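Asks: Here's the letter readout for the chains.
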Amino acid sequence: MALTAVNTTKNNQPVQNDELFVYNTKNLNLWYGDHHALKNINLGIKEREVTAIIGPSGCGKSTYIKTLNRMIDLVPGVKTNGQIEYRNRDIFSKEFLVEELRTRVGMVFQKPNPFPKSIYENIAFGLKIHGIKNKQIITETVEKSLRGAALWDEVKDRIHEPAYGLSGGQQQRLCIARCLALEPDVILMDEPTSALDPVSTLKVEELIQELKEKYSIIIVTHNMQQAARISDKTAFFLNGEVVEFDSTDTIFNNPADSRTDDYISGRFG
Amino acid sequence: MENTARVKSEEMVGRIDGRLMKNKVVKGIFLTATIFTSIILVVLLYRIISQGAPYLSWDFFQNFASRRPEQAGIKAAVIGTLWMMSVVIPTAAILGVGTAIYLEEYAKKSALTRWIQMNISNLAGVPSVVFGLLGLTIFVRVFGFGNSVLAAGFTMALLVLPVVIVAAQEAIRAVPNELKEASYGLGATKWQTIYRVVLPYAIPGIATGSILAFSRAIGETAPLIVVGIPTFVAFLPSGYLDSFTALPMQIYNWTSRPQLEFHNLAAAGIIILLGVLILMNSVAVWIRNRYQAR
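Sequence order for the protein chains is A and B.
Reminder that position 102 of the first sequence reads as 102 in the working numbering, one-by-one numbering, no gaps.
Reminder that position 251 of the second sequence reads as 251 in the working numbering, one-by-one numbering, no gaps.
Hints are computed from structural coordinates only; laboratory data are not their basis.
One or more hints might be untrue.
[As the list claims (entries may be wrong)] Calculated lysine to any residue pairs in the SDA-like style (CA-CA distance at most 25 Å, straight line): (1) A:K111 x B:A174; (2) A:K117 x B:I203; (3) A:K26 x A:K46; (4) A:K214 x A:R48.
[Stated by the list, open to error] Label pairs and their in silico Cβ distance ranges: (5) A:D185 x B:M280: 50 to 56 Å; (6) B:R216 x A:G165: 37 to 43 Å; (7) A:V75 x B:G98: 21 to 27 Å.
Just so it is clear, the structure is predicted and the values come from calculations on it, not from any experiment.
Just so you know, even glycine gets a beta-carbon here, dropped at the ideal spot from N, CA and C.
The task is simple: from the sequences and hints, build the whole structure.
Replies: Encoded structure:
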C-alpha cells in the first residue's frame with residue numbers, strides 16, 4: 001500500500017513540466033490478414049488533452065483507437081508489431097493483463113450500446129464485474145457517474161427503468177457514465193456522435209470539454225468541424241499512415257502537409 | 001428526347017394489371033396450402049378426440065395397465081415419462097448449452113470446429129432408431145443400466161442433443177456484438193461477459209429451442225423399443241435404475257392389440273400426450289414473452 005502511494009507521487013510529479021504522455025506509440029504496424037491497415041504509426045498522446053483522430057473512411061483511425069485498449073484482439077486474423085506504451089508499460093506484454101488495460105482505459109463506441117438492463121444496472125455492471133458488492137458504494141457511484149456525464153438531472157427519477165427507454169443521445173451519455181464509474185485514466189471514443197442528432201451531438205461535445213479536466217480523451221471522428229471544436233491535438237490519418245500530428249490549431253489553419261490541407265478543406269474524403 | 005427514351009411509363013403502367021393478377025394467384029396457392037394442412041390437422045384431432053375423449057376419466061389417470069380395457073389406465077406411463085424427462089432435460093440442457101457456448105465463444109474458427117459443426121447438424125437428422133441402438137449398446141449393456149429410466153433418459157438426451165446445441169448456438173449468435181464489446185471494454189473477462197451479457201440475452205432463444213427438442217423426446221417411440229422399455233408395467237419406478245414405461249410405449253402397446261376398446265384407450269392416451277406437448281410449448285412461449293418484455 002505504502003509502495004503504491006510512493007509510486008503515485010513519483011508518477012504525478014512530471015505533470016508540472018507538461019511532458020507526461022499517457023500513450024506512446026512506436027513504429028506500430030497492423031495487418032488484417034494480408035491487408036496492411038496501420039503503417040509505422042508513431043504518436044505520443046498527452047495527459048488531459050483531447051486528441052482527435054481524423055481521416056477518410058478506411059484510413060485506419062478506428063483500427064488504431066481499438067488497438068489502444070486491445071479491443072482489436074476480438075477481430076480474428078489481426079497481426080501487430082511495434083509498440084504501444086500506456087504509462088510506460090507495453091500494452092502487448094504478457095504481464096499487462098488486457099482486463100487491467102480496459103479497466104484503466106474506458107471506451108465509448110460508435111453506436112450507443114447500453115445493456116438491456118436498467119439505467120442503474122448499466123452503471124453498476126462495471127463495478128460488479130470488478131467485485132464491488134457494497135450497495136451504498138454502488139448507488140453513490142451511479143449518481144456520481146450520471147452527474148459526471150451530465151445525465152443525472154434528466155434520469156434521476158427513473159434510474160431503475162430500462163436504459164432502452166432513453167433517447168439515442170441520452171444512451172450515449174449513459175455509456176460515457178458507465179465508463180466514468182470505473183474512474184478511468186483515459187477515455188477512448190470511437191465516433192461517439194455519428195449516430196446522434198445535432199442537438200445530442202452538441203451535448204456530448206460539451207460533455208467532452210468538461211471531462212477533459214479530469215481525463216485524457218482520444219476521439220475518432222469523421223466530422224472535421226467536431227475535431228476543430230473540441231480537440232487540443234489532431235492526428236490526420238490517411239491510408240493507414242499518420243500524415244500529420246500537431247495542435248488542432250495548426251492542423252486546421254496552417255497544415256504542413258498538402259494532403260492535410262486538401263482533406264480539411266474538403267477536396268477529398 | 002422523349003421519342004428516344006427506352007423506358008416508356010405508358011407501357012409500364014399498362015403492365016400493372018398483369019402483375020396484380022400474379023400477385024393474387026400466388027396468394028391463392030399459399031392459402032390453399034394452409035387450408036389443406038389445417039384440414040388434415042382438424043380431421044386427425046377430431047378422430048382422436050371423438051374416439052378417446054369418452055375414456056378420459058379420473059380412473060384412467062389412476063389405474064395401471066390391465067388386460068381388461070375398462071380397468072386399464074395410464075398412470076405408469078405418465079409418471080414414467082416424467083421420470084424419464086427428469087433425466088433428459090438436465091442432461092441435454094447442460095451438455096447442449098455447454099457445447100454451444102464453447103463452439104460460439106471459445107473455439108477458434110478452424111477446419112476442426114467446422115467439421116464438428118457439420119457433424120452436429122448431421123446428427124440432428126440421424127433416425128431415432130440409431131440412437132436407440134447406441135443407447136442399447138452403451139447404456140443398457142456396457143454401463144449395465146438395463147432397461148431403466150437412466151438408460152432411456154440418456155438415450156433420449158443424446159437424441160435431442162444436436163437440436164439443443166444448434167438452437168442454443170443460434171440464440172448465442174444472435175447476441176449483438178456491441179453488447180459483448182461493451183462488456184469487454186469495461187474490463188470484463190470472457191466468463192463474466194458470457195454469464196452477465198450473453199446468456200441473459202440468449203436464454204429466451206435457448207429455452208424455446210430446447211423445449212421444442214424436449215417435446216420430441218416425449219413423443220419418440222423407436223429408441224424406447226430398441227432400448228427394451230417394457231410396454232406392460234403395473235408399478236411405478238422408485239429409482240433411476242428401475243424399469244418403467246412411457247406414454248408413447250403405452251400408446252403403441254394399446255394400438256397393437258386386437259380389441260377395439262384398446263384402440264380407443266390409445267386415442268385417450270394420445271390426448272394426454274398432446275396435452276403434455278401443448279403444456280411444454282406454452283412454457284416455451286411463456287419464457288420467451290417473459291424475457292422479451294424486459
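Asks: Hint by hint, say whether it matches the structure.
Replies: Status of the hints after comparison with the structure:
1. A distance of roughly 17 Å separates the Cα atoms of K111 (chain A) and A174 (chain B); the hinted pair therefore holds under the 25 Å criterion.
2. With a C-alpha separation of about 15 Å, the suggested pairing of K117 (chain A) with I203 (chain B) holds against the 25 Å cut-off.
3. About 15 Å separates the Cα atoms of K26 (chain A) and K46 (chain A), which keeps this hinted pair within 25 Å; it holds.
4. The hinted pair formed by K214 (chain A) and R48 (chain A) meets the criterion: a straight-line CA distance of about 7 Å does not exceed 25 Å.
5. In this structure, D185 (chain A) and M280 (chain B) meet the distance hint of 50 to 56 Å, their C-beta atoms being roughly 52 Å apart.
6. Distance hint check for R216 (chain B) and G165 (chain A): the Cβ-Cβ separation is about 39 Å, which falls inside the suggested range of 37 to 43 Å.
7. For V75 (chain A) and G98 (chain B), the Cβ-Cβ distance of about 26 Å falls inside the hinted range of 21 to 27 Å, so the restraint holds.
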